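Enquirer: Sequence:
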Amino acid sequence: MPTPPHRDPRLLALVAAGGALGTLARYGTARLVPAAGAWPLATLAVNVAGSFLLGLLLEALARRGPEDARGTALRLGLGTGFCGGFTTFSSLAVEVDGLLSDGTAGTALAYGAGSVAAGLLAALAGVAVAGSRHRGRPA
1 MPTPPHRDPR LLALVAAGGA LGTLARYGTA RLVPAAGAWP LATLAVNVAG
51 SFLLGLLLEA LARRGPEDAR GTALRLGLGT GFCGGFTTFS SLAVEVDGLL
101 SDGTAGTALA YGAGSVAAGL LAALAGVAVA GSRHRGRPA
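The sequence shown runs 1 to 139 under the numbering used here.
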């Protein structure tokens, strides 16, 4: 009987490596993208980009058919690992709290809700892009 994915050291290493790379990419983005007034654009950018990448990846993998060892490695290394390390709900929450503490409740609400809505739309866009590239293949 094969080792379950959550107990396979090779897959755990893929998740860890992907997470480390995603975290480094997020850090680099935060260093490069300045805030626009009260809006923390770096966090918004990584969360939207990560949502798009995750939607794209998961739809592309789903259209390949039943998951095989390569699909599992891609899903865990890129999806759970890289996208998990790249995106950051905790920073979004801290930034919304900071905006609330600064007395800018409207900005906090707009930033929080806008981030979630943009992430959802980005994930749907990723699904659509992957779907358009794999026309004729089952979903």
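These are calculated hints, taken from the structure and not from any lab test.
Just so you know, these numbers come straight off a predicted model, no measurement behind them.
Check each hint, because a few of them may be wrong.
Pair ranges (Cβ atoms, derived) [said to hold, decoys possible]:
| id | residue 1 | residue 2 | range |
| --- | --- | --- | --- |
| 1 | 70 | 105 | 45 to 53 Å |
| 2 | 33 | 133 | 23 to 31 Å |
| 3 | 2 | 39 | 41 to 49 Å |
| 4 | 4 | 28 | 27 to 35 Å |
| 5 | 10 | 39 | 39 to 47 Å |
| 6 | 21 | 94 | 16 to 24 Å |
| 7 | 2 | 104 | 30 to 38 Å |
Note that CB positions come from ideal geometry on N, CA and C, so glycine has one too.
Enquirer: Could you see if the CB distance from residue 70 to residue 105 stays within 45 to 53 Å?
Expert: holds (48 Å)
Enquirer: Given the range 23 to 31 Å, decide if the beta-carbon distance of residue 33 to residue 133 lies inside it.
Expert: Holds: the Cβ-Cβ distance is about 28 Å, inside 23 to 31 Å.
Enquirer: Confirm or reject the claim that residue 4 and residue 28 have a C-beta distance inside 27 to 35 Å.
Expert: holds (34 Å)
Enquirer: Looking only at beta-carbon atoms, does the pair residue 21, residue 94 fall within the given range of 16 to 24 Å?
Expert: holds (23 Å)
Enquirer: Is the distance from the Cβ of residue 10 to the Cβ of residue 39 consistent with 39 to 47 Å?
Expert: Since the Cβ atoms of residue 10 and residue 39 sit about 41 Å apart, the hinted range of 39 to 47 Å holds.
Enquirer: Is 30 to 38 Å respected by the C-beta to C-beta distance linking residue 2 and residue 104?
Expert: Since residue 2 and residue 104 have Cβ atoms about 52 Å apart, the given range 30 to 38 Å is violated.
Enquirer: Quick check on a hinted range of 41 to 49 Å for residue 2 and residue 39, using CB atoms only.
Expert: For residue 2 and residue 39 the Cβ distance comes to about 47 Å; the hint holds.
The earlier numbered hint that this structure contradicts is number 7, and it is the only one.
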